[in-house]
Amino acid sequence: MSNIDPTSSGHAPLEPQSRPDAVWPQTLVGVGVLVTGLALGYGALGISSEAGYGGVGPNFLPWLVSVALTLCGGWIIWESRTGGFREMEAPPEASAYWSGFAWVSAGLLLNASLITVIGFILSCTLCYLLAVQGLRRSQGQASVNSPRTWLVDFVTGLLISAPVFWMFTKFLAINLPGLTATGWV
1 MSNIDPTSSG HAPLEPQSRP DAVWPQTLVG VGVLVTGLAL GYGALGISSE
51 AGYGGVGPNF LPWLVSVALT LCGGWIIWES RTGGFREMEA PPEASAYWSG
101 FAWVSAGLLL NASLITVIGF ILSCTLCYLL AVQGLRRSQG QASVNSPRTW
151 LVDFVTGLLI SAPVFWMFTK FLAINLPGLT ATGWV
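Quick note on numbering: the sequence shown equals residues 1 to 185 in full-length UniProt numbering.
No wet-lab data here; the hints were simulated from the structure.
For glycine and all other residues, C-beta sits at the position ideal for the given N, C-alpha and C.
You can take every hint at face value.
Label-pair restraints from in silico Cβ distances:
| id | residue 1 | residue 2 | range |
| --- | --- | --- | --- |
| 1 | Glu50 | Asn175 | 21 to 29 Å |
| 2 | Ile160 | Gln139 | 19 to 27 Å |
| 3 | Asn175 | Leu28 | 39 to 47 Å |
| 4 | Val31 | Leu64 | 20 to 28 Å |
| 5 | Val155 | Phe60 | 30 to 38 Å |
| 6 | Gln139 | Leu38 | 32 to 40 Å |
Generate the whole structure from the sequences, applying the supplied hints.
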């Protein structure tokens, strides 16, 4: 009688799968998303559920986002605890790009400080312009100092912020800071 186990393939036994170092940070991100979803759900308990014009109440969207975040948080935790993000490549060794961070931060801070002075449309356009410049510079794009690039970014910012302003002021009747009392600029 041979000493070969018929259930064995003849290969060495498999070692238990070791967990990579990235599992705990991934799990913490999942816990953060899950707790955020639960906290949003707790906050939604205090919002009225009386149905409005469309048949949904003001608590519909907070509940929807709460459920989505809670499900995503649970999924991230499950993924991290069952082996981590399997298909994720190791991140390249890179350091922070502080100049890009400064451009984006300047855009956000100027938007917050100038929105009541120059209006929603222009302050959001400025925010977009500076943020895109920071992102372009972080990617090393050669055309960042081109007047054409600045003009395209400015026009794109206007094309994004103006319809948002009009949607809020004209259709939703939410007052946003404007340059004139007409509600169009």
